[in-house]
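S.K.: If you want the building blocks of each chain, they are given just below.
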Amino acid sequence: MSLLLLTKLAWRNLWRNYRRTLIMLAAIILGVWAMIMMNALMRGMVDGMLDSGLKYLPGHAQLHHPAYRDDPGVAHSLEALSAPLQEALADRDILGWSARVKVPAMISSERDSRGVVLLGVDPMQELSIGFAETDLVQGRFLESATDPSVVVGEAMLKRLETRLGRRIVLSSQTVGNEVGERGFPIVGVYRASLPSLEETLVYAGREVVQGMLGMGGAVSEVAILGPDYRRLEPWFGRVAAAVDEGMVLEGWRELDEYLALSLSIQGGAGIVLIVVIFLALSFGLVNTMAMAVFERVREMGLLLALGMPPHAMLYQVLLEALFLLLLGLLAGNLLGWLSLQPLLSGIDLSALAEAAELSGMGATLYPNLRGVDMLRATLIVIFLGLAASLIPAWRAARLDPVTSMNEY
Amino acid sequence: MAAVTCKDLCKTFSQGGERVIGLERVTLEVEEGEFLCLSGPSGSGKTTLLNTIGGLDTPDSGSITVAGQCIDRFSREQLANLRLHNIGFVFQAYNLIPVLSARENVEFVMQLQGRGLATRRALAMTILEEVGLAGLEDRRPAQLSGGQQQRVAVARAIASDPVLVLADEPTANLDSRNSSQLMELFAELNRRRSATFVIATHDKRVMDFCHRRISLQDGRIVNAESRAAGSA
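If you read the sequences in order, they're chains A and B.
First residue of the first sequence? That's 133 in my numbering, and the numbers climb one at a time after it.
First residue of the second sequence? That's 131 in my numbering, and the numbers climb one at a time after it.
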C-alpha cells in the first residue's frame with residue numbers, strides 16, 4: 133500500500149469542502165491555544181507558589197533535630213556538623229547550604245511589638261541559598277555572622293513605624309529557659325514576593341543570635357539548595373548517608389506538604405484541562421469526519437471496488453483527521469506561544485493581591501510555557517483526535533462497494 | 131483456459147420485505163481473451179452476475195473461479211487483492227476519482243499494486259495516448275467530457291494489465307458516436323492485449339461488437355449466442 137497515494141488522497145479530500153475544514157481548523161486552533169495559555173498560566177502560578185515557598189523554607193532540603201519541627205525552640209538544636217557531613221555538603225551538585233538559627237521571637241520598636249521568626253544567619257551562606265542583594269530596597273545585607281545588626285522586611289518596618297538606622301529590640305527564649313534580649317540597629321530593608329514574609333522574617337548575624345540565646349555553636353537547621361527542586365537526587369542520598377546522629381534530613385516535599393501537593397495537582401490538572409477542552413472539540417471533529425465520509429460514500433465504494441484494501445480506507449480517513457489535527461496543533465501552538473510573549477515579563481495581580489497571597493503566590497504572575505507542556509498537549513490531542521476519528525474511519529473501511537456505489 | 135468459471139450461482143435479495151431473485155443456478159465459463167456480453171432487460175441479473183464475478187458481491191450458493199482462483203471463501207481483503215491484480219472495472223457512471231487528474235486516475239491501481247513511479251507514469255501516458263487522451267492527462271474529471279471520462283475509466287481498467295475487464299453498461303451515458311468509439315476501443319484492446327472482456331449491456335450496438343452474447347432473464351441464462359470475431 134502506497135503511503136504517498138493515501139497521503140495525496142487524504143490531503144486533497146481535506147480541502148474539497150474547504151469551508152468546513154477551515155471552521156473545524158479554527159475550533160482546533162482555539163482549543164489548542166486555550167490549552168497552551170491555561171497550562172502556561174497554571175504553571176506560572178504554581179512556580180510562583182514554589183518560588184515563594186522554597187524561599188521561605190528555604191532550600192530544597194533541611195537538616196533538623198528530630199523534634200524541631202514539632203517544637204521549633206532552642207532546645208531542639210543541632211550541634212556542630214561533623215567533618216563527613218561538611219564534606220557531603222560540599223558536593224558539587226549542591227549549589228549552597230546555610231546553617232541557621234531559626235527561633236520564634238518578639239520584635240519591639242518604640243511604637244509596636246510583634247511576633248516574628250528570628251533568623252541567625254551567616255550572610256555568605258544565606259546568599260548562596262536564595263536571599264538576593266536585589267531583594268534589598270534600603271540599606272545593606274548583613275556583613276558577617278558577627279554583624280550586630282538586623283535586616284527587616286518593608287512591611288514590618290511600616291508595622292513597627294520605624295525606619296532604617298533606628299534600633300529595635302529582639303527577645304526570645306534562651307537555652308536556660310530565660311528570656312534573652314538585645315537591641316539591634318536596622319541596617320537593611322528587604323522586599324519579599326509575599327507581604328506576609330516581610331512581616332515574619334528578621335535576619336541577624338548567627339553568632340550574635342547564638343550568643344543572645346546561649347546556644348554556643350548550635351544551630352536550628354541546615355538549609356541545602358540543589359540545582360532543581362524537581363530532582364533532589366543524587367546529592368540528597370549522599371548527604372543522607374553522612375547525616376550525624378540526632379539529625380534528620382527532609383526534602384521540601386516533606387517540609388511543606390502543601391507545596392508538594394500543589395505541584396502534583398498542577399501536573400494532573402494540566403492533563404485534565406487538556407482532555408476536557410479536547411472532549412468538547414472531539415464532537416466537532418467526529419461530526420466533520422463523519423460528514424466527510426458520508427459525502428464520499430460512493431467514491432469510497434469505488435476505491436474499494438478498484439481493489440483498495442479496507443484497512444487502507446481506514447488509514448486514509450485517519451490521515452485526513454491527522455492532517456486536520458496537525459495543522460490545528462501547529463497554528464494553535466504558534467498562536468499560544470505568540471500570545472504569551474508579551475505576558476512573560478509578568479502579569480500584575482496587585483488588584484488581586486489578597487487572593488494571590490492566600491494561594492501563596494506573589495503579586496506578579498509569570499506565565500511559564502514549557503516545551504514539555506506543548507508536547508504533552510500535542511500528543512494528547514493527536515491521540516484523542518485519532519481515537520475520535522476511528523468511528524467514521526471504521527465505517528468507511530466497512531463500506532460495501534456495490535451498495536455504496538448504487539445507493540449514494 | 132477459462133478466465134472465469136461460474137457453477138450454479140444463486141443469489142437472492144430482500145427488497146421491500148420481498149425476496150427477489152438475482153441469480154438462479156447460473157453456470158458460465160468465459161475463456162481467456164473472450165469478448166462477451168451479458169444482455170437482458172433491467173433486473174435480469176446482468177449487473178449482479180458481473181459484480182459476483184468481480185468479487186464485489188457474494189453468491190448465496192454456487193462456486194466461482196477467477197484467474198484460476200476459487201474465490202468462494204475469500205475474505206474482504208482477499209477479494210480486494212483479487213480485484214486489484216486481476217480485474218479491471220468500467221462502470222456506467224464513469225466513476226473517476228474527482229481529486230485526481232486523468233493520469234493519476236490511470237496510475238491509481240498501479241500505485242496500489244506498488245509499481246514504481248517511473249514505470250507507472252510511462253505506462254499511464256502510453257495508455258492515455260492509446261485511448262486518445264494525449265494532452266489531457268493533467269485534467270481533473272470535472273474538466274473532461276463524458277466520453278473522455280469514460281476513456282479514462284477504460285485506461286484505468288486496462289492499466290494494471292488485468293486478466294479480466296468487467297464493464298457495466300459502459301455506454302449508457304454516452305451518445306452514439308462516443309459509444310461506437312468506446313466499443314471500437316474495447317475491441318481493439320481485446321485484440322491487441324488479449325484481455326478478456328465481459329460487458330453487461332442492453333445496448334444492441336454494443337452486443338454487435340461481442341463474440342458471444344449471454345442473455346439473462348429473471349436471474350437465469352436463457353440464451354447463449356456466438357458470433358464470429360470481428361463481424362461487427
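Be aware that a few hints might be false.
[Said to hold, decoys possible] Ranges of calculated distance between the beta carbons of each label pair, as one might list FRET restraints:
| id | chain 1 | residue 1 | chain 2 | residue 2 | range |
| --- | --- | --- | --- | --- | --- |
| 1 | B | ASP202 | A | ALA158 | 41 to 47 Å |
| 2 | A | LEU154 | B | ASP138 | 53 to 59 Å |
| 3 | A | TRP526 | B | ASP138 | 18 to 24 Å |
| 4 | A | LEU411 | B | ARG350 | 26 to 32 Å |
| 5 | B | SER144 | A | LEU459 | 18 to 24 Å |
| 6 | B | ARG350 | A | LEU154 | 38 to 44 Å |
| 7 | A | PHE426 | B | GLN199 | 30 to 36 Å |
| 8 | A | ILE514 | B | LEU247 | 15 to 21 Å |
| 9 | B | ASN303 | A | ALA158 | 21 to 27 Å |
| 10 | A | ILE514 | B | THR142 | 55 to 61 Å |
| 11 | B | THR142 | A | LEU467 | 54 to 60 Å |
| 12 | B | PRO228 | A | LEU467 | 43 to 49 Å |
| 13 | B | ARG350 | A | PHE515 | 54 to 60 Å |
[Said to hold, decoys possible] Selected chain A positions facing chain B (in silico; Cβ < 8 Å):
| id | residue |
| --- | --- |
| 14 | SER134 |
| 15 | LEU135 |
| 16 | LEU141 |
| 17 | ARG144 |
| 18 | PRO216 |
| 19 | LEU436 |
| 20 | PRO441 |
| 21 | PRO533 |
[Unchecked claim] Every beta carbon over 10 Å from chain A, so not counted as near; a handful from chain B, in silico:
| id | residue |
| --- | --- |
| 22 | GLY147 |
| 23 | ASN181 |
| 24 | THR195 |
| 25 | GLY198 |
| 26 | GLU207 |
| 27 | ALA252 |
Derived by calculation from the structure, the hints in this document are not laboratory data.
Beta carbons: idealized from backbone N, C-alpha and C, even for Gly.
S.K.: Among all the numbered hints in the text so far, which are the ones the structure does not match?
M.R.: 1, 3, 4, 5, 6, 8, 9, 10, 12, 15, 18, 23 and 26
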